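Enquirer: Sequence:
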Amino acid sequence: QKYSLYRLGQVLKAYLTTVEYTVIFLYLQGLDCGEIGGILELESKVVDNAKTRARLKLQKIVQQYGSLSNPQIPLQRRKRTDLAMKVKAI
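The numbering of the sequence shown is the numbering used here, which starts it at 4 and goes up by one.
Hints are computed from structural coordinates only; laboratory data are not their basis.
No experiment lies behind these values; they were computed from the predicted model shown.
It is possible that part of the hints are untrue.
To be verified - Straight-line C-alpha distance at most 25 Å; calculated DSS-like pairs for lysine-lysine:
#: 1; residue 1: 48; residue 2: 16
#: 2; residue 1: 48; residue 2: 60
#: 3; residue 1: 16; residue 2: 5
#: 4; residue 1: 16; residue 2: 54
#: 5; residue 1: 63; residue 2: 48
#: 6; residue 1: 48; residue 2: 5
#: 7; residue 1: 60; residue 2: 5
Unchecked claim - Label pairs and their computed distance ranges (CB to CB):
#: 8; residue 1: 17; residue 2: 52; range: 16 to 24 Å
#: 9; residue 1: 37; residue 2: 74; range: 35 to 43 Å
#: 10; residue 1: 72; residue 2: 41; range: 17 to 25 Å
Ideal Cβ positions, reconstructed from N, Cα and C, are used throughout, including at glycine.
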């Protein structure tokens, strides 16, 4: 189970931008878009868009590989860094 959580973290960091990863991390802790926006100093619409992009990316991975913990998921991805300059990953 430890490996599964570790692998999930690797996949999320590989496929999501720093902003998307941070938004999903905070969202899973129960914060809403307004609260996340306040913490990250981003508009709530930007947070909502990041959450939607992350959800779509993760859905695509699940459709292709059947699970986010599938060891066949490649971990090398190119990422955007424009918004990430403002937000450091948690």
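Enquirer: Each of the hints needs a verdict: does it hold here or not?
Expert: Hint check results:
Restraint check: the Cα-Cα separation between residue 48 and residue 16 comes to about 22 Å, which is no more than 25 Å; the hinted pair holds. Between the alpha carbons of residue 48 and residue 60 the distance comes to roughly 18 Å, so the proposed pair stays at or under 25 Å and holds. Simply put, residue 16 and residue 5 have alpha-carbon atoms about 17 Å apart, close enough for the 25 Å limit, and the pair holds. For the hint pairing residue 16 with residue 54, the CA-to-CA distance comes to about 14 Å; that is within 25 Å, so the pair holds.
Of the supplied pair hints, the one linking residue 63 and residue 48 holds, its CA atoms being roughly 23 Å apart against a limit of 25 Å. In summary, the hint linking residue 48 to residue 5 is not supported, as the alpha carbons are separated by about 34 Å, beyond the 25 Å threshold. Between the alpha carbons of residue 60 and residue 5 the distance comes to roughly 24 Å, so the proposed pair stays at or under 25 Å and holds. Between residue 17 and residue 52, the C-beta spacing of about 20 Å keeps the proposed range 16 to 24 Å intact.
The hint said 35 to 43 Å for the Cβ distance between residue 37 and residue 74, and at roughly 37 Å that hint holds. Range check, residue 72 to residue 41: Cβ separation about 32 Å, and the 17 to 25 Å hint is violated.
The structure does not agree with the numbered hints 6, 10 stated previously, though it agrees with the rest.
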